[in-house]
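J.: Going down the list, the sequences are from chains A and B.
Letter 412 of the first sequence, counting from 1, is numbered 412 in the numbering used here, and no numbers are missing.
Position in the second sequence counted from 1, then plus 612, gives you the numbering used here.
Treat the hints as calculated values from the structure; they're not laboratory data.
Computed from a prediction, not measured in an experiment: that's the story for all the values here.
Keep in mind that the hints are not guaranteed to be accurate.
[To be verified] List of simulated lysine to aspartate or glutamate pairs, EDC-like, C-alpha gap at most 20 Å:
#1 B:K818 / A:E37
#2 B:K624 / A:D40
#3 B:K642 / A:D40
#4 B:K810 / A:D40
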Amino acid sequence: MSEDNNDKIIIQSQSSESISGGGSGSTTDIDYVRPAEVGDQDLYHGHSFITKWVFCQDAKVIGVQYFLLATFTGIIGLILSWLMRLQLGFPELASFMTAEHYYQFVTMHGMIMVVYFLTALFLGGFGNFLIPLMVGARDMVFPYLNMVSFWMFFIAVVVLLASFFVPGGPTGSGWTLYPPQSILEGTPGSGMGILLMCLSLILFVAGFTMGGLNYLITVLQARTRGMTLMRMPLTVWGIFTATVLAMLAFPALLVGSLMMSLDKILGTSFFMPTILQAGEVLEYGGGSPILFQHLFWFFGHPEVYIVALPAFGIISDLISVHSRKNIFGYRMMVWAIVVIGGLSFFVWAHHMYVSGMNPWFGFFFATTTLIIAVPTAMKVYNWVLTLWRGNIRLNTVMLWCLGFIVTFVNGGITGIFLGNVTVDVPLSDTYFVIAHFHMVMGIAPLMVIMGAVYHWFPLVTGRMLSEKLGKWHFWFTFLGAYSIYFPMHYLGFIGVPRRYFEMYDSPYVTSAVGMNEFISTAAFIVGAAQFILIYNIIKSLKTGKPAGKNPWQANSLEWLTPSVPPEHGNWGDRLPVVHRWPYDYSVPGAKEDFITQTTPPSDVTNSEVEKT
Amino acid sequence: MSDLKIEGYEFKPGYRGMAEDTGSAQTMFKGVHWGKAMMWIFLLSDTFIFSCFLISYMKGRGSTPVEWPNPSEVFALHVGGVDVPLLLIAIMTFVLITSSGTMALAVKYGYEKNRKMCGWLILATAIGGLTFVGMQAFEWSKLIHEGVRPWENPFGAKQFGSFFFMITGFHGTHVSIGVIFLFIYAYKTFAGHYDERKRGWFTSIKGDYVEIEILGLYWHFVDLVWVFIFAFFYLW
Chain A
1 MSEDNNDKII IQSQSSESIS GGGSGSTTDI DYVRPAEVGD QDLYHGHSFI TKWVFCQDAK
61 VIGVQYFLLA TFTGIIGLIL SWLMRLQLGF PELASFMTAE HYYQFVTMHG MIMVVYFLTA
121 LFLGGFGNFL IPLMVGARDM VFPYLNMVSF WMFFIAVVVL LASFFVPGGP TGSGWTLYPP
181 QSILEGTPGS GMGILLMCLS LILFVAGFTM GGLNYLITVL QARTRGMTLM RMPLTVWGIF
241 TATVLAMLAF PALLVGSLMM SLDKILGTSF FMPTILQAGE VLEYGGGSPI LFQHLFWFFG
301 HPEVYIVALP AFGIISDLIS VHSRKNIFGY RMMVWAIVVI GGLSFFVWAH HMYVSGMNPW
361 FGFFFATTTL IIAVPTAMKV YNWVLTLWRG NIRLNTVMLW CLGFIVTFVN GGITGIFLGN
421 VTVDVPLSDT YFVIAHFHMV MGIAPLMVIM GAVYHWFPLV TGRMLSEKLG KWHFWFTFLG
481 AYSIYFPMHY LGFIGVPRRY FEMYDSPYVT SAVGMNEFIS TAAFIVGAAQ FILIYNIIKS
541 LKTGKPAGKN PWQANSLEWL TPSVPPEHGN WGDRLPVVHR WPYDYSVPGA KEDFITQTTP
601 PSDVTNSEVE KT
Chain B
613 MSDLKIEGYE FKPGYRGMAE DTGSAQTMFK GVHWGKAMMW IFLLSDTFIF SCFLISYMKG
673 RGSTPVEWPN PSEVFALHVG GVDVPLLLIA IMTFVLITSS GTMALAVKYG YEKNRKMCGW
733 LILATAIGGL TFVGMQAFEW SKLIHEGVRP WENPFGAKQF GSFFFMITGF HGTHVSIGVI
793 FLFIYAYKTF AGHYDERKRG WFTSIKGDYV EIEILGLYWH FVDLVWVFIF AFFYLW
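Kindly produce the complete structure, drawing on both the sequences and the hints.
T.: Structure follows, in structure tokens:
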């Protein structure tokens with residue numbers, strides 16, 4: 001305990017200098033908070049159905065719109081994965097599928113899940129809904145731009161799905177879209193398919209930029225009185241840093257997509273070397289296919305953290321609330337998020353160890369990759385230490401949190417294997433890679449999304465989700481996901497390559513066939529189990545227990561709105577005033593086990609609160 | 613920003629002041645309009661787009677086995693019987709940089725609420741931008757006339773045409789969008805939308821002269837990017 005006290009004294013001495021920010025020294029009132037710097041936001045209130053629910057400028061509605069559309073595309077991605085697993089596990093039942101179909105499904109599954117599902121859901125969905133509420137703003141700073149952002153995303157999804165219906169179908173070049181094969185004949189969807197994919201990505205980036213500017217400026221310039229950066233919930237920190245990454249990484253994707261479209265439409269040779277096809281020399285020549293790989297992965301690796309950082313932030317808040325304890329090492333958590341975000345721009349070529357680049361490059365990128373393990377491991381320790389001696393409520397949300405920690409550690413450890421060049425080269429393009437990235441950036445963020453849905457559903461709708469159905473959903477998903485991806489590690493070790501339509505008479509067959517059948521069966525069950533959540537949501541919307549205000553006894557601002565669910569403008573007449581960080585749980589001497597962010601210091605004079 | 617005053621907040625100089633602004637509540641950039649902060653961050657993102665283009669160009673120029681054409685020959689203008697290298701491009705650059713100057717003056721007169729001067733200077737900027745785009749169109753048609761295409765190039769490496777049309781096209785699109793907005797803003801200034809704080813057509817946000825400064829940021833950025841394109845394409 002003595003160490004804790006020391007820590008507190010240090011924090012106090014720092015805060016008395018820096019947090020009061022330029023000195024409000026003349027006042028003796030301990031509840032003093034500086035007056036507002038900016039006037040109240042001028043909002044456009046919708047009057048008709050169309051301006052209230054369709055072309056709506058309320059960030060909360062836009063967040064729900066993003067959530068629903070991303071979930072819809074996610075379900076398409078799920079169905080595609082079922083079809084792939086059907087082919088791999090039970091090819092005799094999938095006679096309607098050709099190899100071309102399989103490649104197209106692989107490609108679309110990957111692209112949908114990474115970009116149109118996870119990115120849109122975390123940043124568009126949770127970002128829009130939570131950022132204004134959590135920082136105490138009335139809305140995003142540019143509501144009109146925010147509305148346009150969603151509709152750009154909508155058009156991007158329409159264009160993406162339209163590629164299923166054009167001649168040749170969607171592109172089948174793998175989600176990495178590597179040229180030259182992605183635009184050459186022989187690859188499925190090398191005509192309209194790849195063009196629509198590039199167009200859709202460009203639209204997505206344009207739409208995302210509009211939303212991203214909103215998230216950044218709302219966090220930087222529109223916080224409420226008393227809300228310093230170091231009093232923001234980690235959810236906001238995660239989404240904020242992820243948005244910074246997106247603003248700097250998506251340009252590379254935009255440029256890559258544009259150049260590839262020009263290679264296809266105009267016959268330029270940005271990425272195309274001299275090519276001999278069917279005995280004929282093509283018009284192309286002199287381009288560099290590796291250039292596309294660099295552009296793609298300069299986007300692609302930060303993209304991993306665009307998905308992971310919001311998940312890190314959200315899980316920190318969920319764990320803290322449901323174990324009734326402050327997050328362990330808040331400042332360390334913030335800096336870890338920022339450092340991971342910064343480092344993520346210096347590791348991209350670890351996706352290209354087998355591309356034939358200079359071995360010294362591999363050495364450099366392996367080093368930076370392994371350095372990322374340091375802040376990431378800190379975060380895992382801090383989550384575990386937050387749970388330690390906490391007053392843990394073992395509800396559905398907490399189950400998802402625990403599931404996340406285990407899954408993330410699992411995926412992180414295989415990441416250390418793959419980050420080393422010598423280990424990666426034999427494992428490259430095998431099922432080990434599939435298992436790794438599905439664990440670390442598929443299942444783990446998905447667990448966070450599920451936990452977040454169970455946590456914030458009462459805020460969005462005013463009703464609780466069913467705990468019983470939630471626990472069924474969790475156990476099916478958790479055990480099922482491990483049944484799918486644990487065996488894949490083994491498949492990778494025995495050398496089964498990824499993206500193969502079937503194994504033919506290869507020596508893997510004997511040991512891999514049974515395992516593939518098992519994995520496929522598990523995949524069908526896990527996929528079907530997700531409909532428990534959808535059923536739960538629909539049922540709870542009508543018959544769920546009314547949540548009332550602040551059902552989880554949480555501290556952060558989103559639960560403290562005058563009406564639940566919050567109305568347009570969020571805060572009624574008066575904006576909230578923040579006096580503390582959002583993690584004052586189980587404070588010794590306090591009347592209750594939580595002290596909300598708006599509780600003034602004079603109300604908690606006898607308790608040992610942290611100075612933040 | 614020395615005249616900025618915020619109630620209950622004391623500005624301190626140097627790194628210490630910067631750290632305190634960052635650590636303080638409500639805003640990180642004190643007294644900075646939301647739209648202005650947004651434009652700065654957008655321009656940072658746009659910088660990455662142009663950087664990707666220019667780095668791709670360097671890579672493309674480095675990896676093609678065919679010789680790169682000599683820019684001072686390709687971009688020369690035949691005037692009065694002699695080939696003057698880079699003549700057109702020098703005029704274009706001059707016009708664009710000058711339009712940056714008129715833009716800066718427009719911002720100044722805007723903040724002084726001098727509606728007429730502000731409007732005329734925005735219009736002058738718009739015309740400067742239009743002249744630039746026009747000369748670019750002339751240069752494009754000259755090159756196309758000589759047989760340069762995105763997919764082929766009689767002077768050497770075919771990537772020359774590809775990168776040239778793509779990058780100057782992308783930059784020209786930026787200039788054109790800027791010109792359109794300059795005309796709109798010139799109209800709004802003359803019509804007094806900023807003096808009366810009239811609400812925007814789409815956004816329904818009250819008009820303010822700060823919008824001119826925001827557009828100015830974009831315009832200066834477009835000019836700055838041109839300097840890099842000029843250096844990498846015409847001088848290298």
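J.: Indicate, hint by hint, whether the structure satisfies it.
T.: Verification of the supplied hints:
As the CA atoms of B:K818 and A:E37 are separated by approximately 19 Å, the hinted pair is consistent with the 20 Å bound. For the hint pairing B:K624 with A:D40, the CA-to-CA distance comes to about 27 Å; that exceeds 20 Å, so the pair is violated. Pair hint B:K642 plus A:D40 holds up; C-alpha atoms about 16 Å apart against a cutoff of 20 Å. The suggested pairing of B:K810 with A:D40 holds, with an alpha-carbon distance near 18 Å, which does not exceed 20 Å.
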